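Residue-level listing of the chains:
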Amino acid sequence: MGIPENVKKRLSIPADEYFYAGHTACQGCGASLGLRYVLKAYGKKTIFTIPACCSTIIAGAWPYNTLEANLFHTAFETTGAVMGGIEAALKAMGYKVKGEDGVMVVGWAGDGGTADIGLQALSGFLERGHDAVYIMYDNEAYMNTGIQRSGSTPYGAWTTNTPGGKKHFLEKRHKKKVIDIVIAHEVPYAATASIAFPEDFIRKLKKARKIPGPSFIQLFSPCPTGWRSPTDKSIEIARLAVQTAYFPLFEYENGKYKINMPSTKKEPKPIEEFLKYQGRFKYMMKEDIEILQQWVNHEWEKLKKLAEVFG
Amino acid sequence: MTEYKPIRKVVSGNYAAAYAAKHARVQVVAAYPITPQTSIIEKIAEFIANGEVENLQYVPVESEHSAMAACIGASATGARAFTATSAQGLALMHEMLHWAAGARLPIVMVDVNRAMAPPWSVWDDQTDSLAQRDTGWMQFYAENNQEVYDGVIMAFKVAETVNVPAMIVESAFILSHTYDVVEMIPQELVDEFLPPRKPLYTLTDFDNPISVGALATPNDYYEFRYKLAKAHEEAVKVIKDVGNEFGEMFGRDYSEMIEKEHIDDADFVFMGMGSLMGTVKEAVELLRKEGYKIGYAKVRWFRPFPKEELREIASKVNGIAVLDRNFSFGQEGILFNEAKGVLYSAKSKPVMKNYIVGLGGRDFTVDDVRKIAEDMKKVIEKGEPDVEVDWYHLKR
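Heads up: the sequence lines are chains P and F, in that order.
If you read the first sequence in the numbering used here, its first letter stands for residue 1, the second for the next number, and so on.
If you read the second sequence in the numbering used here, its first letter stands for residue 312, the second for the next number, and so on.
It should be emphasised that the hints constitute simulated quantities derived from the structure, not laboratory data.
In silico negatives: residues of chain P with every beta carbon more than 12 Å from chain F:
| id | residue |
| --- | --- |
| 1 | E17 |
| 2 | L170 |
| 3 | G279 |
Within a straight-line C-alpha distance of at most 25 Å, the following computed BS3-like cross-link-like pairs (lysine-lysine) qualify:
| id | chain 1 | residue 1 | chain 2 | residue 2 |
| --- | --- | --- | --- | --- |
| 4 | P | K286 | P | K172 |
| 5 | F | K509 | P | K44 |
| 6 | F | K509 | P | K45 |
In this text, all values refer to a predicted model and were calculated from it rather than measured experimentally.
Where is the CB? At the ideal position from N, CA and C, for every residue including glycine.
Bound conformation, chain P alone (with noise of 0.2 Å):
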């Protein structure tokens, strides 16, 4: 790599490189960015489950394959299930799992295949107790399938099979809170964590791995393709998401939450921030995107609350 040993251990974010330049995203996507500081944590000692989902696709059409660790393509509301039978077989033929010098087994799904098809097997992945890691990518619609709504899509947002129109714009659901979901489950770990920050994804994916028992990351990752945002804004978008509230870092680690800089530096941005490089919010008038400002009010107050009791 050209980096001298003693300098690679100084970086925040490690320099090795696991996945491979020629993978078939689209432009300024926002998971393939995810996926590659996945497998700087976790180095090639990985085995991933991907379900149906963008990444599939972006990991290489046979017989290729863009990830430097192994990957089993999986039917999509299996991720959770998969990565049960994936661990419990390593326990079985004696490999150490998870910890400092385990072997990873690690969920990567989209927003559809976790919040709305892969619930299930999901939920019971983390009732059951796996050692693993389940990544959510969360991209807010069901991308590879041509960009329909899925349970995690925002108010608001046009998709094409919630379109807005010279009347109405269809999507009136607010975004399912899946972290919600993960934790009323008492897992050991859980967390949001955003493409625009990095380090504190590292930072998050590496206690992952030492913290005993099924962890869960929710990774918001913005995609241009569906999000109708210019290609060179993904990150920018991204910051936003978190400095609005709309999508604030945080942890939850043994029963505590946790709020995570910079969500904890000052008052939130006003939500129009967040939507104003995104084609995909242009059909809300003024009253819309009040009824978004108020939900993200009210889930951020919330979340500050269970911050400061459970803290």
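Following the hints, position chain F against chain P.
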């Protein structure tokens, strides 16, 4: 080889399956409860609780769909994986059955045949497993508890040789909950017959990572299907070899994919699958003493289908009475349909009639076989069936 001294136990078909899984040293069992399968998994859980098995990971999943998904993950990782289900559970697994076969994972599963709802039924019926015909799984139909036990152990060997999953099918209650003597094989001899799994590829070679199940374009997908088709063709030979080896080691020969008797001097034969063939065998011997020139052909393996064996049988008899405890709506009994297809290209075509029997656990007795034999005699004399498909038990 150590001298074979069988261990005789009086067990249900389900316990026979559980003991076979234990003796096959399965490493991962993922399962979900459903009547009448559940006692298989309960027994395996009991083995674990009593410390009778080592290195067995039990994953009590939240659905059958996840049971098969977990077995798929385990098998791809390199472990020997086992599960069991019935009816609605098998139907829920359907998507993942394709996945297991397509990813070429030698999972073994016991399906306890149970009728599909509605109306609700927990009793014997083969339509659940036969509806999985085109998933790429091998299917073995057990006549009795001994065949359940032997079938599971052999299935692992066959499956791991050709990298195709295998389903061992037994009847609801008639086998699953009925106790019978089963000759079990001492562990060291099972180990000799069935050594630890040696997979070609696993997810645990971290210096040479692989991806399993990636997108295949129209330029490649076709060849993947061909390879699976060839594996089933190869399985025909492997099944015969493994069945022969099993016979040499333990005295019960399974080299025939269709078990047959009295074919050479039979006017017609009964053909069917599973526990109802136990009744047929009993009846055939009885009726022969009364002068009936009949035999039987018990189809053990439905997939791969024993085409050559069936054509040979057909060349020797004038008629075949096909007994189907299943039905394909808009068509006919599934075994009947398959058999006719196989015999289309045969030189000699016997007269065939399809009897739909025992659906949803309707009793099928020696007396029923007698009545069908009387009817079939007329069919042969006439040279053609009165009706091709006979809903034999129908209340009139």
